[in-house]
Amino acid sequence: MSLAFDVLLAFGVVFTAAAALGTHDRVASIAGFVVTGLLVALSLVRLGAPDVALAEAAIGAGLTGALLLRSAWRLKPAESRVSPPIDRIIVALIAVCLSGALAWAVYTAPGAALYPALVSERLAESGVTNPVTAVLLNFRAWDTLLEIAVLFVALILVRIVAPAHPQPVVLGELMLPFARIVVPMCAFLAGHLLWQGASVPGGAFQAGAILAGGSLVLMLGGFAVPTPRLLSWGMMVALLGLAVFAVAALSTEALTGTLLLYPDGAAKIWILMIEALLTLSIAAMLCLLFCGMPRRPLK
Amino acid sequence: MILNFLAFCTLVATLAALPRLILGPTAADRIIAAQLAGTGTVATLIVLGTADNAPALFDAALVFATLAAVSGLAFVALQRTRL
Amino acid sequence: MTSELIYICAGSGLVGLAFYRLATCRDMLLRVLSLNVLAVGIAILFLASARDAGMTDAVPQAFVLTGIVVLVAVTAALLALAEQIDRQRDE
Amino acid sequence: MTTVLHALGLTLTTFGVSFLLIAALGVWRLPDVLSRLHALTKADSAGLALIALGAACLTGRLNTLLTLGLCVVLVALSGVTIGHLIARAHLSEGDLE
Numbered sequence: 001m002s003l004a005f006d007v008l009l010a011f012g013v014v015f016t017a018a019a020a021l022g023t024h025d026r027v028a029s030i031a032g033f034v035v036t037g038l039l040v041a042l043s044l045v046r047l048g049a050p051d052v053a054l055a056e057a058a059i060g061a062g063l064t065g066a067l068l069l070r071s072a073w074r075l076k077p078a079e080s081r082v083s084p085p086i087d088r089i090i091v092a093l094i095a096v097c098l099s100g101a102l103a104w105a106v107y108t109a110p111g112a113a114l115y116p117a118l119v120s121e122r123l124a125e126s127g128v129t130n131p132v133t134a135v136l137l138n139f140r141a142w143d144t145l146l147e148i149a150v151l152f153v154a155l156i157l158v159r160i161v162a163p164a165h166p167q168p169v170v171l172g173e174l175m176l177p178f179a180r181i182v183v184p185m186c187a188f189l190a191g192h193l194l195w196q197g198a199s200v201p202g203g204a205f206q207a208g209a210i211l212a213g214g215s216l217v218l219m220l221g222g223f224a225v226p227t228p229r230l231l232s233w234g235m236m237v238a239l240l241g242l243a244v245f246a247v248a249a250l251s252t253e254a255l256t257g258t259l260l261l262y263p264d265g266a267a268k269i270w271i272l273m274i275e276a277l278l279t280l281s282i283a284a285m286l287c288l289l290f291c292g293m294p295r296r297p298l299k
Numbered sequence: 001m002i003l004n005f006l007a008f009c010t011l012v013a014t015l016a017a018l019p020r021l022i023l024g025p026t027a028a029d030r031i032i033a034a035q036l037a038g039t040g041t042v043a044t045l046i047v048l049g050t051a052d053n054a055p056a057l058f059d060a061a062l063v064f065a066t067l068a069a070v071s072g073l074a075f076v077a078l079q080r081t082r083l
Numbered sequence: 001m002t003s004e005l006i007y008i009c010a011g012s013g014l015v016g017l018a019f020y021r022l023a024t025c026r027d028m029l030l031r032v033l034s035l036n037v038l039a040v041g042i043a044i045l046f047l048a049s050a051r052d053a054g055m056t057d058a059v060p061q062a063f064v065l066t067g068i069v070v071l072v073a074v075t076a077a078l079l080a081l082a083e084q085i086d087r088q089r090d091e
Numbered sequence: 001m002t003t004v005l006h007a008l009g010l011t012l013t014t015f016g017v018s019f020l021l022i023a024a025l026g027v028w029r030l031p032d033v034l035s036r037l038h039a040l041t042k043a044d045s046a047g048l049a050l051i052a053l054g055a056a057c058l059t060g061r062l063n064t065l066l067t068l069g070l071c072v073v074l075v076a077l078s079g080v081t082i083g084h085l086i087a088r089a090h091l092s093e094g095d096l097e
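Listed in order, the protein sequences are those of chains U, H, G and W. The first sequence begins at 1 in the working numbering and counts up one residue at a time. The second sequence begins at 1 in the working numbering and counts up one residue at a time. The third sequence begins at 1 in the working numbering and counts up one residue at a time. The fourth sequence begins at 1 in the working numbering and counts up one residue at a time.
Certain hints may be false.
Simulated restraints, written as ranges between beta carbons of each label pair [what the hints assert, rightly or not]: (1) W:Ala46 - U:Val200: 27 to 33 Å; (2) U:Arg140 - W:Ser92: 51 to 57 Å; (3) W:Ser92 - U:Ser83: 37 to 43 Å; (4) G:Gln84 - U:Gly191: 34 to 40 Å; (5) U:Ser83 - H:Met1: 45 to 51 Å; (6) H:Leu23 - U:Gly191: 50 to 56 Å; (7) U:Val96 - W:Leu62: 22 to 28 Å; (8) W:Asn63 - U:Leu146: 33 to 39 Å; (9) W:Ala46 - U:Ala254: 57 to 63 Å; (10) W:Pro31 - U:Trp73: 24 to 30 Å; (11) W:Asp32 - U:Ser2: 55 to 61 Å.
Here are some chain W residues the structure puts well away from chain H; computed CB gaps all over 10 Å [stated by the list, open to error]: (12) Met1; (13) Thr2; (14) Thr3; (15) Leu8; (16) Val33; (17) Leu85.
Keep in mind the hints are simulated off the structure, nothing from the lab. We treat Cβ as the ideally placed atom computed from N, Cα and C, and that holds for glycine.
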């Protein structure tokens, strides 16, 4: 039965993605993409990666869907110049070959499981018991620091290219009770995910995405109008996480002689402090990526 | 065993929303289908969590439910800004 | 191992699909969508191959998590650029 | 006692799943937007609530009850709000075929 479930799920993922990419209706492609994201998250749960599944559901399906929807009406559909059938057949053949080769290569690749032993050996001294959090914020914290820097670079690009479009929307009387329940729930859930990320699936990225989702509800419902002032505060918060992470990296260098090697026994405190600020910063960055940045008028 | 079968049935219900998503003449139909698929994944996670006796999946279901609410709202709100 | 094989097929199917769409489509939004589908397919492949005796390796999980977060930043940047291209085409 | 709870849980979950299946069928087959909306809200409120209640009976732990309850509240709330918004947008557009 469980095998039938897996087969149906895998088929559903591919079918939904095909539906999303095959149609020219904007709402259909984006709705299809969001459903694909949800099904992919479900299959990641089946693959034993609940941390990744949470991030995929929150960021891959939810926030990317909102981003695409925001742009869908600003981008005009391209002139429908269909490629000639012969081209499409050739491309389809190449794509099938690529898929087959990829599946064969991954399936027959020699499995040299090097990391699980290393991770479980050092897990006790990492300060947390969730191996994924341990890898993200202790063993390979350097990667995570650079990842936040990448997010910030994307934010700067958006700031240069896209001006903000504050659009107040009137959605009716039911929005207020909805926001009154959903937004505190988001804040609560973010805190819960952040705290439990030390031992079970969860962590700063998932919590930040949920928090960003909550503020998206505020913006879409028209309760928080993204004024330039608010957006620059958001920018400050976004910078704060990166700055604190960088300062933490430098101070661990000073304290222990190695970049991001936490002092003995205090790893949990360090990780939790960094994660808490990262959550706020990631939420602010995701929000700003959604609503764009105000452009200063040229003097 | 029964629970595994029920999880399979919930997945079937989730995927049964897809024809409407592809066909659905208006945008409203497609948003309805996406919303139903979101509810279906939450239900699938809950049933799976019960079947495998893994309450950690209930937390995942809560995250899915929150995000389903946010993306559903985004669909409706961003749809209306165009009108 | 069979359930991994199923997901490996799904992941490579997604990659093939996204590749086909990237090559044949001129619509900017659909291209960004295909790029996202491509990344998701690679994530599934990565995690399916990281499974060993019922346990999933933590290091690939962390990589994929990082990848998802970077992907949303890239998507936002690409969409901002696409909007800018559209605006300049209008003028 | 545990057997009774187990049987109750299975029954409730089965009912919830059949609600979901019927709602999916309804969304697929019903003729217009408003009747499809009607089918969707049944799945959001009754279907998921029954499934969560069944799951709570089956796991039999009190702390999961809170998580499941919040799940149900959130999905029901978003179903109600989004259903209302879709219906309003649909009616104000006036494309009631």
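To test your reading of the hints: which numbers does this structure violate? 6, 7, 11, 16 and 17
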